[in-house]
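Chemist: Here is how the chains run, residue by residue.
Protein chains: 2
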Amino acid sequence: MKNFSFKVLKKSKKSKARLGILKTPHGEIKTPAFVVVGTKGTVKSLAPEDLDEVGTQMIFVNTYHTVLSPGVDIIEKAGGIHKFCRIKQPIITDSGGFQVFSLARRSFNEGGTGDLKRRVRFLQSEDKSIAPLVKITDDGVEFRSPVDGRKFFFTPEFSIEAQKKIGSDLMVAFDECTYYGASYKYAKNAMERTHKWAIRGLKASEIKEKQGLYGVVQGGMFEDLRKESAKFISSLPFFGLAIGGVSVGETKKEMREQVSWAMNVIGEDERSRHLLGVGEIDDVFDAVKIGIDTMDCVIPTRHARMGKLYKYEISNIKNQKYISKIKNIEEINIMKNLYKEDLNQIDKCCQCYTCCNFTRAYLHHLFKQRELLGYHLATIHNLFFFERLFENLRSLIENDQF
Amino acid sequence: MKNFSFKVLKKSKKSKARLGILKTPHGEIKTPAFVVVGTKGTVKSLAPEDLDEVGTQMIFVNTYHTVLSPGVDIIEKAGGIHKFCRIKQPIITDSGGFQVFSLARRSFNEGGTGDLKRRVRFLQSEDKSIAPLVKITDDGVEFRSPVDGRKFFFTPEFSIEAQKKIGSDLMVAFDECTYYGASYKYAKNAMERTHKWAIRGLKASEIKEKQGLYGVVQGGMFEDLRKESAKFISSLPFFGLAIGGVSVGETKKEMREQVSWAMNVIGEDERSRHLLGVGEIDDVFDAVKIGIDTMDCVIPTRHARMGKLYKYEISNIKNQKYISKIKNIEEINIMKNLYKEDLNQIDKCCQCYTCCNFTRAYLHHLFKQRELLGYHLATIHNLFFFERLFENLRSLIENDQF
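The listed protein sequences correspond, in order, to chains A and V.
All the letters of the first sequence, read from the start, carry residue numbers 1 to 402 under the numbering used here.
All the letters of the second sequence, read from the start, carry residue numbers 1 to 402 under the numbering used here.
Hints are all accurate, no fakes.
When chains are identical, the list treats them as one kind, so a pair holds in a single copy or across two.
Below are the EDC-like pairs computed for lysine to aspartate or glutamate, each with C-alpha atoms no more than 16 Å apart in a straight line: (1) Lys-77 / Glu-341; (2) Lys-188 / Asp-138; (3) Lys-340 / Glu-76; (4) Lys-83 / Glu-341; (5) Lys-10 / Glu-270; (6) Lys-83 / Asp-342; (7) Lys-368 / Asp-148; (8) Lys-203 / Glu-157; (9) Lys-340 / Asp-73; (10) Lys-16 / Glu-398; (11) Lys-164 / Glu-76; (12) Lys-77 / Asp-342; (13) Lys-196 / Glu-228; (14) Lys-7 / Asp-269; (15) Lys-16 / Asp-400; (16) Lys-165 / Glu-341; (17) Lys-16 / Glu-270; (18) Lys-340 / Asp-148; (19) Lys-253 / Glu-223; (20) Lys-83 / Glu-49; (21) Lys-227 / Glu-192.
No lab work stands behind these hints, which were simulated from the structure alone.
These numbers come from a predicted model, not from an experiment.
Please take these sequences and the hints and turn them into a complete structure.
Modeler: Dropping the structure here:
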């Protein structure tokens, strides 16, 4: 694994937060780091150069979406995802599990009921008459594309093969993402399947020189399962450890509990830890505090496209580097009439392209008129804000202030 | 008018095409030139720097849309449209007439009939019960915003005042844009009103140091009216002459006739001539040939967002500079399955950012998935293509080959 390494540089004296450096063939990532979601091989509304400009360290691409379109063969033919999409940053792909199992839930919901008990009964019975799109077995998941009806069979081996063709720097082993509300029995089965799939994934992943593999901790909402899963997954020779299935409908409290149970078991493990699909502002603080190294989330980019923009609430800042108290961060809705004639920049402290060049009034106008430039400028701002936030957190850890 | 000048540098020996230089406070424009439409103060999907990169010489902003949102007062407060939108290029604003009269037609259509005869009868009768949105008098046009119902009264003076607040380099006098299918009587009335409004517009436009005013030739589909209008408008001391109302539903043949009638009268007039709202590829060739200096059109940008991309059809080109035969230009639809695995760039001859970096397969994927980056990359390509086309046409005129 000479192209890959993760090294913990420093552990905070005040929390479990740690500073690290994650080396990949496409560059080094200073951790804790935010991983920007570019689901379909593009961070929505941004060109590759914009990612460089906002300081993006790593991109998250979804294997499920990429298999469906454009297809992994054309990406391989183009020389891999970096060349195909002209992205310079290291890329991590997920296993496809999250989407495949969401599809199962979706086809169920489309069956016409939202009742939790019936839903659980259904998901456990695998009733084909209600869920024609998805069939789950120990071997893998068979499903039809909701777009064009093509049939796919996701297995641990297929997932790895797809991720190899995509050519990401970091891969994730195929896992069964337990749905919110699943029973103990269901979560236990799913966890055990995930563990078997983890071993199959490791076996299928041979080109260790080129791509590093993460195992995924599952276990639903149950403490003993989460701990068992963390213990098992961390006992395997993965390059990194991921925590999955914690953003499928939980309350913040539940989500944090689940992550904590796993992190308590992983403890002093020196491998990098990725938290899958989590990253609202408050989550960032808590995740970093308990030792998460990287995390991906659609929130900053999705919120940007909804006109929700981050800013620091305080007006007079002495040392920008250490602005990192969550109570000082506010999310404004640029669509509000209040900004119609506001010639200030979004955030007084911000040095991003958007803040350096455009006023709230112009952004308000662009959003009101649904102009594409609005989504672009907002996304640049939110991602720049996030990178600065993580930079601040790293500084704080460096100085034992976090 | 020291900040403004237009000079004809050369007249073609083979046609009425001419080379010129149009000087404005925001820079010089080499003519013939394409004017990129940025209706609401943004060229859809592009940031200001992208306009620099594709070589845009001038931007067209619509006064009607700008009055409605963000409003001209906030633009004035921000220091003018260039500062508000961070656009460096010279900007021309239209009078608002086209949209206001489109609104009249729309409210009629919303009244529930598409029958041409009834439509004409209606538009001539100004029946308020069918068209509550718009009221046309000799003084101006009163209407309600179709968005929020606010009442506006567009007059020649209001139009100029709005354009002054916007702070465009070039303004257009308020005109009545005749609808397609209008009778001789209606077109004559509209033309006469336009002429009266032209004089009022000239009077209202005082700050000649800062903004240059164009008068608009109208006259509908009637040769004698077009000629009369061209004669009258060109007799007034406008900075430039515009031809309007030729893209409201005509066939290409009708449109060209109308432009030719006017251009034959304008003849050797040395002022710059702008053709309003025309600019498909074939139109460009014909318009330049009869002496049009500048023209604006949404087609290259709108088509880009539909995945329709320009390319040269010929594969082996010896001298790129002189590729300007219309038969060699093709418009491809990137959505077609044919491009799904095509790793070529859109146009082999093209040096635009999109062609230098991305394949047809990636663009196909982005368009299929409705990813915002697709619209951005396609717009860059089409505008770069248009600028190169105009550059080629200027070279041909320079060398008496057009």
